[in-house]
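**Q** Sequence:
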Amino acid sequence: MFSAGTFNFAVATAAALIMLIPVGMATVWLGIIKGESPCILCGQERFGMVLIALSALFILRYGPHRKYYAMLILAAFFYLYTTVRHWSNFFVFDTNQGLAESVLGAHTYTWGVFTYWVVLACAGIGLFWLGRNEKLREQFGARRPTAQPISRYAKVVGVVIIIITLLNSAQFFVINGPPPFSGTGCGSGRCPQRFTWDITKTAPNWRMEVWERFKMPTLDGHSPDMVHIPGVHQVSGLKTGSAEGSPMAPTGKLEVLDSTPLGFEATGQFGQGRAGGIAYDEDSGLFGIVSTAGGLYYTNDDFVTVEASAIIDRVNGWDITHTADAMFFGPGKLVAMAWNKTLYGSELLPPDEVDPDEAWMDYLESTGNLGSAFGVKQRMRLVTTRAKAAFSLAVAKDDTSDGYLLVSVPSKKNKSIVIAQYGKNHKLVREGVLKANDEDMKVEDYYPVSAEIADGKLYVLSKTYQSLLVVDPKTNVLEATYELPEIGDYHGLTVKDGVFYILSDVDGKDTVFTVSMPK
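Heads up: the sequence shown begins at 1 in full-length UniProt numbering, then just goes up one per residue.
Think of the hints as simulated: they come from the structure by calculation, not from any bench.
Note that this is a predicted model, so its numbers are computed, not measured.
Honestly, I wouldn't trust all of these hints.
Said to hold, decoys possible - Here are the simulated distance ranges between beta carbons:
#1 ASN437 with PRO356: 51 to 57 Å
#2 ILE21 with THR200: 28 to 34 Å
#3 PRO180 with THR251: 51 to 57 Å
#4 ILE21 with PRO180: 31 to 37 Å
#5 ARG132 with ILE21: 24 to 30 Å
#6 THR200 with ASN437: 44 to 50 Å
#7 TRP211 with THR251: 46 to 52 Å
#8 THR240 with ARG85: 34 to 40 Å
#9 GLY285 with GLU439: 42 to 48 Å
#10 VAL304 with ASP497: 18 to 24 Å
#11 HIS426 with PHE90: 22 to 28 Å
#12 ASP497 with ARG386: 46 to 52 Å
#13 LEU120 with ARG386: 34 to 40 Å
Claimed, not checked - Below 25 Å or equal to it, Euclidean Cα-Cα: the simulated DSS-like pairs (lysine-lysine) are:
#14 LYS496 with LYS474
#15 LYS388 with LYS415
#16 LYS435 with LYS412
#17 LYS474 with LYS427
#18 LYS239 with LYS67
#19 LYS415 with LYS435
#20 LYS253 with LYS424
#21 LYS519 with LYS457
#22 LYS457 with LYS435
#23 LYS509 with LYS239
#24 LYS427 with LYS239
#25 LYS474 with LYS424
#26 LYS442 with LYS424
#27 LYS413 with LYS442
#28 LYS413 with LYS435
#29 LYS427 with LYS457
Note that the Cβ used here is the ideal one computed from N, Cα and C, for glycine as well.
Work out the full structure, taking the sequences as your base and the hints as a guide.
**A** So this is what it looks like as structure tokens:
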């Protein structure tokens, strides 16, 4: 059973199957006969299968030498990764949604994942086989591979591999063009056109956009641009300083009533960070200040006296690297939101009700009177549908529904401002895009940095155009805008007794401004 001949037959059969079924069917049946053109990602997945088949040919000719076996395994590992990465763009879709037609109930990229897993499993079984046969074991460990007779069956398999590889190469040459053309894909905004041998039809669609990604090597190249967070990241090129040229002409200008420098350093883990968000709790009469680095502070309206504070164990748990806004989710329950739409927080409690062991797990430092807002080591990841490719700097509690609203920041990946509503269980209730009655108005030019709900309206601070937006939270319609006074780099908003409290960075100093509300 463990003879060299049986091993070679199994290798040849596996190579034939991988070329005839996934590659051959995709090239001949789906491509040449039905006219389906593969995207460049499907193309590289096919190339990986061809590389594995060629590795199998070397094994048939020179025996299972370790370098050929290693090449086969490394190719399967690498292309399994790329195929899973491709497939992961689609597995969250609703049932049967995907690119092109499915084959036996699954799309071709899904079959790619299955194929590479099978290859790795078979390669592992083959290693057991090598250990049971002396000849195979010697060939595997030989210093240099030596040629061995190849069977007629293996020769036929080799011819099949060559023919299908040539057909596949011809198809990709016609559809995608020669280098430096890099191929097409639906992710670039235009899916491949139908397959034809008429190169005059395909050549106008040859693309080169992929090379733009190599300007700045990064592991998060598909993420939206980093958002503006004072003390963390500055975004250049934003239209700031005045409301001139804003999409909606301001109804009026708000007035500064007073300003108070923050009387303490709102730092977080490792002494880093600064004040990132502000909220007001009517029940306790305290303000909440959250640090961009995971600090939670309860302070009086003098913004000097700190009644309670804690620094969260930021690095253990869901990523909350940069905190952007805050709200109170009940009496004494201060909730902070990170830029990636993840919530965490604390609850003000009598000291004798705080479990010191649980507090140790949650906080690096604490005044001893704070528990966890959601449970020990619990953080809430907010899931969206329309704002997956967007960060958020604004969250606002809605006392009328026991839920809250999240407002996203527009980016090159997602140009709309998305308003998402969540219930008290932190599940998405509904979402939509910010709009105006005038359909031609470019409301996406605003840049939300904080939000608050008061008197049935959603108030949003916009970094651009020095503006406060007034939005109907039920319809997501922008009703009015007001020009803000010169108050520095503002980024936090809350309301107390009919007055706005706006957190701002003034020449590197955290400052709270009181500003009149619209009348």
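**Q** Of the numbered hints stated earlier in the document, which are not met by this structure?
**A** 12, 18, 20, 24, 26
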